[in-house]
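Given the sequences, and given the hints that come with them, work out the whole structure.
There are 4 protein chains.
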Amino acid sequence: MSKLSAGGSIRAAVMSAPGAPIEVREFSRPTLEPGALLLETIYSEVCGTDVHLHDGHLAGVPYPIIPGHVNVGRVAETAGEVTDVEGEPLRSGDLVTFLDVHETCGKCWYCLVAKATTRCPHRRVYGITYSAQEGLLGGWSQAIYLKPGVKILRLPENLPPERFIAAGCGLPTAVHAIERAQIQLGDNVVVQGSGPVGLNAVILAQLQGAGQVIVVGAPALRLETARALGADVVVDISEYDPAGRVERVRALTGGRGADVTIEATGNPRAVREGMQMTRDAGRLVVVGQYTDLGDTSFNPHWDINKKHLEIRGCWGSDFSHVYRGVRVLARYGDRFGWERMITRVYSLDEANQALADVADLKVVKALIQPGAGK
Amino acid sequence: MSKLSAGGSIRAAVMSAPGAPIEVREFSRPTLEPGALLLETIYSEVCGTDVHLHDGHLAGVPYPIIPGHVNVGRVAETAGEVTDVEGEPLRSGDLVTFLDVHETCGKCWYCLVAKATTRCPHRRVYGITYSAQEGLLGGWSQAIYLKPGVKILRLPENLPPERFIAAGCGLPTAVHAIERAQIQLGDNVVVQGSGPVGLNAVILAQLQGAGQVIVVGAPALRLETARALGADVVVDISEYDPAGRVERVRALTGGRGADVTIEATGNPRAVREGMQMTRDAGRLVVVGQYTDLGDTSFNPHWDINKKHLEIRGCWGSDFSHVYRGVRVLARYGDRFGWERMITRVYSLDEANQALADVADLKVVKALIQPGAGK
Amino acid sequence: MSKLSAGGSIRAAVMSAPGAPIEVREFSRPTLEPGALLLETIYSEVCGTDVHLHDGHLAGVPYPIIPGHVNVGRVAETAGEVTDVEGEPLRSGDLVTFLDVHETCGKCWYCLVAKATTRCPHRRVYGITYSAQEGLLGGWSQAIYLKPGVKILRLPENLPPERFIAAGCGLPTAVHAIERAQIQLGDNVVVQGSGPVGLNAVILAQLQGAGQVIVVGAPALRLETARALGADVVVDISEYDPAGRVERVRALTGGRGADVTIEATGNPRAVREGMQMTRDAGRLVVVGQYTDLGDTSFNPHWDINKKHLEIRGCWGSDFSHVYRGVRVLARYGDRFGWERMITRVYSLDEANQALADVADLKVVKALIQPGAGK
Amino acid sequence: MSKLSAGGSIRAAVMSAPGAPIEVREFSRPTLEPGALLLETIYSEVCGTDVHLHDGHLAGVPYPIIPGHVNVGRVAETAGEVTDVEGEPLRSGDLVTFLDVHETCGKCWYCLVAKATTRCPHRRVYGITYSAQEGLLGGWSQAIYLKPGVKILRLPENLPPERFIAAGCGLPTAVHAIERAQIQLGDNVVVQGSGPVGLNAVILAQLQGAGQVIVVGAPALRLETARALGADVVVDISEYDPAGRVERVRALTGGRGADVTIEATGNPRAVREGMQMTRDAGRLVVVGQYTDLGDTSFNPHWDINKKHLEIRGCWGSDFSHVYRGVRVLARYGDRFGWERMITRVYSLDEANQALADVADLKVVKALIQPGAGK
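Protein chains in written order, with the working numbering: chain R, 38 to 411; chain V, 38 to 411; chain C, 38 to 411; chain L, 38 to 411.
Just to be clear, a hint being listed does not mean it is correct.
All copies of an identical chain are treated as equivalent in the list; a pair is satisfied when it fits inside any one copy or across any two copies.
To be verified - Cross-link-like lysine-lysine pairs, in silico, BS3-like; alpha carbons within 25 Å at most:
#1 LYS184 x LYS152
#2 LYS343 x LYS152
#3 LYS343 x LYS144
#4 LYS184 x LYS144
#5 LYS399 x LYS152
#6 LYS399 x LYS144
What the hints contain is simulated information worked out from the structure, not anything from laboratory work. Note that the coordinates shown come from a computational prediction; the quantities given were computed from them, not determined experimentally.
Structure, rendered in structure tokens:
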């Protein structure tokens with residue numbers, strides 16, 4: 038805990054508006070309200086969502102913000118007893134992560150009747166929907182202020198922070214998508230997209246006993262990573278047109294198409310391709326359409342009704358997805374080597390470069406290490 | 038069994054080609070192969086599918102055909118012991134129906150691994166995919182030849198043939214759709230479309246404990262029937278534009294949209310409307326897109342992903358849907374009065390008029406009574 | 038609001054210890070903490086659980102208690118803005134009910150990972166696990182203190198309080214059991230037990246489209262009520278031994294047994310009978326074993342494994358069950374006439390008589406009307 | 038195909054009655070009816086069921102029988118075109134397996150309405166319910182007569198017959214059990230029993246992403262194999278009494294018990310232990326109670342109802358389980374090394390020794406190699 042001195046200031050990277058360069062600012066160390074916790078950040082990640090934030094593609098973002106929604110760090114200070122999800126008190130130095138989603142109300146119709154807490158209208162998200170004026174509520178900062186009630190999870194002993202953050206935000210998202218996908222032992226699984234969500238889905242499909250995992254994506258760097266993580270076949274979208282991709286998947290699946298397809302692309306047209314790549318009576322999970330990039334078309338007769346297809350949108354993640362992700366990382370981390378997704382680690386001062394590299398797909402996964410550099 | 042004399046001929050209505058008028062022809066009474074059964078038809082129905090057949094909108098139809106896929110009749114003759122699904126031998130005079138789908142193979146990948154028998158590539162359908170040259174394999178005929186292995190179901194004593202045929206083909210289709218819909222007690226349910234499938238869905242939604250059933254359809258005659266069958270609210274599509282319909286449904290559902298929507302319209306654009314009428318984390322069953330009427334558009338971000346929506350295509354029906362439909366008719370028939378769906382009964386010689394009336398939506402349900410008339 | 042004068046005292050029936058007679062005591066009207074609400078009780082119910090409480094069969098009960106866990110009343114006072122589950126502010130005079138279960142934590146492993154909130158170790162229950170020393174936290178009282186955060190539901194306009202309380206605690210319990218039962222259209226359903234949970238299950242099974250509802254229970258009064266509520270067949274356990282009951286059910290279900298059985302008896306031996314009454318690959322929901330009445334036996338080979346049986350325990354209920362129950366009461370109340378379950382209404386001073394009558398099965402449903410009498 | 042000469046006789050091991058020694062007899066090579074296939078056996082297995090057969094613990098067995106229900110071999114002869122499940126014609130020399138269950142009717146109530154084909158009353162099983170007088174209908178024989186319609190599956194190129202038979206009958210059984218178990222990513226899974234079904238479940242639990250796999254079994258040889266196959270913890274039942282085992286599992290699972298328990302023991306008392314080892318709102322699959330070994334006890338309140346437990350019996354397997362098992366073997370065979378389960382290979386003449394070794398738990402898996410020896 039050398040960096041965070043009791044009276045010292047805290048450096049954080051601030052995105053002041055869409056398009057504006059990220060600036061590192063100094064904040065004074067906050068006083069904790071009862072039940073709050075100050076976390077010294079070890080790593081935060083740079084996720085595709087951060088590029089969307091910088092491009093201004095998300096509605097309702099209270100700029101300026103401190104980005105960084107998935108993070109790992111050590112407890113620096115607690116105000117009174119603060120416990121993890123097992124009810125165990127947290128101590129200074131404990132290695133933890135936390136659920137970026139906070140303020141899920143637990144008392145509205147969506148929480149209580151629909152039991153769809155990821156659609157609770159009161160939820161707010163660290164690094165995305167909290168303003169920097171409200172505090173250190175994002176991970177691109179030397180310290181993060183965990184408000185009372187934030188859900189905190191201790192990392193198991195055999196899970197180093199590098200491995201956790203390599204999996205990053207893509208892991209709970211993929212856990213949620215896989216939960217919706219209901220893969221059966223031996224299924225043919227197509228993953229559309231080879232970004233962090235897609236790559237985590239490649240691993241998790243194997244942890245569901247898929248009989249074959251096919252990745253449809255780009256560019257070469259990511260497809261190589263997909264292969265290293267266990268994908269049986271990769272289909273480079275720069276080498277096939279949409280019809281050719283569908284044909285390729287069918288050829289690999291006995292002419293029928295995939296039993297389950299997981300769309301994780303960000304490209305609207307990929308959804309129809311996903312319908313067409315999936316076999317009759319199969320299942321398509323749509324998890325990659327995180328922002329509005331316009332309408333697209335499909336044929337309700339051929340693509341849904343006659344196909345007896347099931348399509349499941351998948352939004353956000355809840356604490357169980359983080360928890361299950363961490364369990365899987367701890368149990369199967371040596372087998373899959375999530376760390377190979379990390380291309381480069383950046384200091385706070387290099388945040389603009391990090392964002393640019395993610396936007397240009399130059400990296401698989403970019404990390405921010407707030408304690409590094411200057 | 039007065040009409041079918043042993044040596045006499047059998048009259049049947051034949052659709053010789055798309056667009057050609059239906060003609061009544063005489064066939065000689067067939068000799069039964071072992072395990073076959075001859076059924077004297079009491080009623081067959083005229084279904085929207087028959088209009089599609091006449092318009093040439095279905096691929097792979099082996100014209101000339103004898104239409105009529107859902108039928109009820111009395112056993113006229115059996116070749117050896119023929120049993121119903123309970124294993125009970127059938128006798129002359131027994132009142133039965135049968136599953137129009139035949140030759141589901143039970144040994145292909147779809148039957149055995151996917152367990153999606155309605156997608157078995159070997160299945161054939163009475164009244165649709167059998168040619169008149171292959172025999173009396175449709176219900177617009179004084180008698181129907183039930184091949185060995187056709188799945189036969191005895192009507193319970195308290196189920197008159199009029200009630201069975203009033204429910205018609207729409208009932209097993211709706212049973213299948215409702216099975217996919219997984220309505221929970223108290224749910225708000227929207228049914229898009231007020232034809233026979235939609236009207237059966239209105240009844241079945243109540244038999245699943247829906248808290249409110251809203252029908253979005255036309256014309257007035259069908260909406261009145263929907264109301265008589267228990268719909269809480271009807272929304273006439275001639276009075277609202279698509280956005281207005283969505284707004285109306287939201288206003289009726291606490292601003293959220295329906296928990297479950299069942300699309301049974303035949304109009305491609307209704308699918309997107311259905312997505313928009315359904316609440317976040319709700320479910321949309323697409324059962325009405327029976328033929329290819331072109332592409333349509335949607336927004337993958339708003340309509341599926343952020344909405345966390347589940348969409349389920351629903352194709353065909355299997356024996357369990359007919360069986361469950363008959364059980365429901367027998368138990369709840371007095372409550373719902375399915376018979377009120379019957380607008381008019383036609384003789385074989387009036388088949389052209391019947392088709393025209395269905396095409397023009399002049400009737401809710403048109404029946405063919407092959408023993409009537411001449 | 039005539040009974041609760043601003044400075045007046047509040048009468049409540051107190052169970053001071055197992056076996057001790059219920060006494061009516063006077064409490065001073067409480068001062069509300071911010072977010073709390075005072076409810077003037079219209080009706081509370083006397084449930085089998087109250088008999089268990091009086092017999093001392095439940096562990097961890099903090100006697101003295103004010104019994105009465107399911108209640109309906111009018112808002113007498115709020116401390117600041119208090120809202121219902123739709124987020125609408127509550128006003129004096131509003132007719133409401135509330136979820137008896139409170140303090141479900143929303144942050145433990147059971148709440149967050151297992152998503153099994155009815156097993157949250159922090160939950161407490163009005164009328165059962167709150168002491169009278171903690172306040173007016175049970176319904177056998179002229180007023181109930183609703184702590185901040187208690188989940189409140191407004192009754193729809195067409196739902197009179199008599200109908201709500203007639204359904205009582207048995208309704209959400211049965212909604213939960215039916216949710217676990219996954220009845221399919223046309224299924225044969227056996228309900229073991231004809232108390233309030235069983236009778237509500239009889240209704241709900243019909244609202245799931247059961248093809249036949251068979252009740253196995255006693256005494257005659259309750260079986261008559263079952264029949265009036267729509268049961269197709271009742272089997273009086275005083276007329277059949279256990280083997281005879283199983284045989285009777287099989288005879289009514291084509292020799293196979295029920296598709297779904299709902300055990301709601303309170304008798305340990307009924308569980309094995311339930312296994313035997315259910316068909317191969319069917320489902321048994323165990324909801325009636327609310328207290329420990331000892332071990333019982335079964336044969337794992339015949340009763341579970343070879344039978345491919347599914348058995349589902351069902352504990353407690355959550356807000357969604359109350360919400361769905363109220364929706365169903367509002368929509369289908371006229372059809373089923375829940376009120377016929379009410380045998381007698383008692384004043385606070387008659388609470389001992391009410392308990393005795395429930396214990397002796399002299400009544401189907403006994404109500405407490407705290408505003409009545411003296 | 039050297040061993041099976043066209044006119045030569047075929048040696049098979051016959052179990053003539055319970056308790057009688059197995060004898061090798063000579064049969065004449067059968068003439069094939071159209072659609073039949075003769076398979077030259079490479080391996081058959083000796084399964085716990087064969088011990089039950091020899092002990093006379095199964096009802097309705099038509100002794101004398103040729104045991105051996107899971108088998109792998111090469112096509113020796115076909116009568117006309119015989120196809121595999123993909124519809125591909127089979128040729129002499131093709132390496133295949135087949136579903137031991139035959140004559141599932143596809144037309145009874147269980148097949149059509151319940152869709153529970155493993156409970157079809159017409160099904161018969163190679164090596165168990167066919168008499169030797171009906172033909173070469175078991176695998177402890179140089180050749181097996183595959184009747185028309187037997188479901189045949191080609192082994193993928195990368196799946197050697199040793200690996201397939203090492204997995205044996207336990208694999209499809211475990212695939213079925215795992216399907217019923219619905220393990221979620223990161224779950225704590227207990228497997229009760231360390232025989233072939235239990236060991237396959239250990240592997241499959243990992244292929245479902247279990248967070249921890251605990252095996253409760255004996256003897257040491259099998260527990261060592263469990264560990265080699267990836268079990269995280271083994272609990273030797275000879276070292277703990279039943280209460281101690283439950284306590285041990287709770288200690289390993291945060292005090293809560295397993296999320297999912299798979300009972301695969303053959304001991305009736307293990308079922309209650311399984312209930313107690315499983316957490317509240319968890320799931321117990323009962324697959325090990327293959328024969329009637331008497332009644333046992335449980336407490337319906339604590340073990341099922343209050344626990345909100347789900348118990349699922351699991352009987353038999355269908356073609357999809359064999360198919361999925363083979364897919365998993367082909368994809369993950371190198372990772373798990375199923376072959377380590379094979380302790381010893383026996384010739385037909387050593388069948389008595391093989392049975393004795395299995396009965397005495399001296400081996401993990403015993404194989405019969407009909408072409409070996411004499």
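Now for the hints, and whether the structure bears them out:
no., hint, in the structure
1, LYS184 x LYS152, "both (24 Å within a copy, 23 Å between copies)"
2, LYS343 x LYS152, "between (31 Å within a copy, 16 Å between copies)"
3, LYS343 x LYS144, "between (40 Å within a copy, 21 Å between copies)"
4, LYS184 x LYS144, "both (19 Å within a copy, 14 Å between copies)"
5, LYS399 x LYS152, "neither (39 Å within a copy, 40 Å between copies)"
6, LYS399 x LYS144, "neither (43 Å within a copy, 39 Å between copies)"
Comparing the model with each earlier hint shows violations of hints 5 and 6; every other hint is respected.
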